[in-house]
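J.: Sequence:
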Amino acid sequence: MIDETAELHPLAHLLALRGQTAETYLRHVADQHVAMGFGQMACRREKVSRWIAGTHIPSYTTQLAMAAVEGLGPDSVHTHGWPGWLLLTVPDDNAVLTAPWNQTATLDALTITAGGPVDRRKFVITTTATLGAVTTQWSQAIAAVAAAPANEHIPRIGTDVADHFEHRLEDLRHLDDQIGSGDVHAAAVTELRLIRSALQHTTHTQAVRRRLFGAAAEASRAAGWTAYDSGHLAAAELHYATAMRTAADAGDPVIGANTLSFWAIQHYSNGNPRGALDLIDTALAQAPRIGSARMTAMLYARACRAHARAGDHHAADRAANAAIDAYNHAGPRTEDPACVYWVNRGEIHQLLGSSALNLGKPKAALRHFTDATTVNPTEAYDGDAFPRGHAIYLARLAEAHLDLGDLDTAVATAQDAIERMGGISSARGTTTLTDLRSKLARHRGVPIVRDFLASTT
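For the sequence shown, our numbering puts the final residue at 457, and the numbers step up evenly by one.
Be careful, since some hints might not be right.
Claimed, not checked - Simulated restraints, written as ranges between beta carbons of each label pair:
hint: 1; residue 1: ASP160; residue 2: THR24; range: 56 to 64 Å
hint: 2; residue 1: PRO332; residue 2: GLN178; range: 47 to 55 Å
hint: 3; residue 1: THR431; residue 2: ARG289; range: 35 to 43 Å
hint: 4; residue 1: THR55; residue 2: GLN178; range: 16 to 24 Å
hint: 5; residue 1: HIS201; residue 2: GLU166; range: 46 to 54 Å
hint: 6; residue 1: ILE57; residue 2: LYS363; range: 34 to 42 Å
hint: 7; residue 1: ASN321; residue 2: GLY54; range: 33 to 41 Å
hint: 8; residue 1: THR98; residue 2: ALA285; range: 18 to 26 Å
hint: 9; residue 1: ALA42; residue 2: GLU170; range: 14 to 22 Å
hint: 10; residue 1: ALA129; residue 2: LEU17; range: 17 to 25 Å
hint: 11; residue 1: GLY423; residue 2: LEU17; range: 32 to 40 Å
hint: 12; residue 1: ALA441; residue 2: ALA207; range: 56 to 64 Å
hint: 13; residue 1: ALA129; residue 2: LYS363; range: 18 to 26 Å
To be clear, the hints were calculated from the coordinates, so they are not data collected in a lab. For each residue, glycine too, the CB sits at the ideal point set by N, CA and C.
Please build the complete structure, drawing on both the sequences and the hints.
T.: Spelled out as structure tokens, the structure:
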């Protein structure tokens, strides 16, 4: 059994997989260190504890010795850095992230991500180099699939089966909006198993096969998003990577670009905004082919979020302006893919307000949050349709009021956020509210804040 500590860092996870203590592992590394001509190395247990805690990083020669123990060369250390190269030691991860881009490998990836126990690792398992390889391979693969001639087979299942999968996946998107990620994740993985079975065990036309791969891609994206929203970061990344493979086999740039936008959220929210921007840039490269103003606006808004997390004010402003400009060109919703049903002008303002808050601009954030709910009724943010998202945005609105010194409004808005989150399964939402309570706790000497904290423990 892998304990909770092993869920938090790649080295702890590796030791748990190997069934090794820190001391045993260090002795192996020390022997390798000597064998490589680097000299003696101390084997104190606290070294591993500090590496896992993130307070210390192994020396360069120590990392080379560690990599050699795992059968990896120096290039792994150079390319992925610490602790990224440790991720190369997990076979199932490699089968999804680094296997060749062909349909056999795609089906293998579906088998891995749709089966087995829930992957509870709470750390990101891709480095910037890994993300770059995935996006490059996807861009090349989807172009090749689009140009490939059809190869028809005698059908045993027809378009009606693909229709059923697509309709069920659309329902899952809306269920996730309303009830949160917990049970929806299990449903998405179940859909993934059904679709994989249809791909492997039925005959069908090439057109139906591409639609089945497209359904598998959307199911994988949904499984990735709900895994992330549940706090399972490693599982989310494997699902996202699988979604990119299946989207390529489907020849579907829409599902691929949409997946990249969700994957980017995970990276800019967990300390890797540059990696998030690589994902978004790859998606934006498909925007002319997709031809959806709403999707383009959403992608620029995501770019704004990533730039804001990186602290780049100018780039964030450029992306914000690009998002608004793109949305100004939006036409009837029938011109957009179904997956951007949630994108309207109010949603764009919520994202831009969140970015302004990250950049330490609470007044600008407040303007955007206000605009989100006061624009034309058909374009206003619909909190009733998206209770989890509404609760998260209300928490950010409360933080903006707090930063501006308006404690009464901050507390009232925080109370509204907590009430709206009630009954919704979302680790991401819970973490957002916990962080807000921590910020309010700095003002616990104020009666209204003290009473709020006491009533919401």
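J.: The structure should be examined with respect to each hint, and the outcome stated for every one.
T.: Each hint tested on the structure:
1. ASP160 with THR24: 56 to 64 Å: 57 Å, holds
2. PRO332 with GLN178: 47 to 55 Å: At 25 Å between Cβs, range violated.
3. THR431 with ARG289: 35 to 43 Å: Holds - the Cβ-Cβ distance for THR431 and ARG289, about 36 Å, lies within 35 to 43 Å.
4. THR55 with GLN178: 16 to 24 Å: This hint is violated: roughly 42 Å between Cβ atoms.
5. HIS201 with GLU166: 46 to 54 Å: Once the Cβ atoms are compared, 20 Å apart, the range 46 to 54 Å for GLU166 and HIS201 is violated.
6. ILE57 with LYS363: 34 to 42 Å: 39 Å, holds
7. ASN321 with GLY54: 33 to 41 Å: Taking Cβ atoms as reference, ASN321 and GLY54 lie about 37 Å apart, which means the hint holds.
8. THR98 with ALA285: 18 to 26 Å: 22 Å, holds
9. ALA42 with GLU170: 14 to 22 Å: With Cβ atoms ~58 Å apart, the hint is violated.
10. ALA129 with LEU17: 17 to 25 Å: 23 Å, holds
11. GLY423 with LEU17: 32 to 40 Å: 36 Å, holds
12. ALA441 with ALA207: 56 to 64 Å: 58 Å, holds
13. ALA129 with LYS363: 18 to 26 Å: Distance hint for ALA129, LYS363 is violated at roughly 39 Å.
In the structure shown, a violation is registered for the earlier hints numbered 2, 4, 5, 9 and 13, in ascending order.
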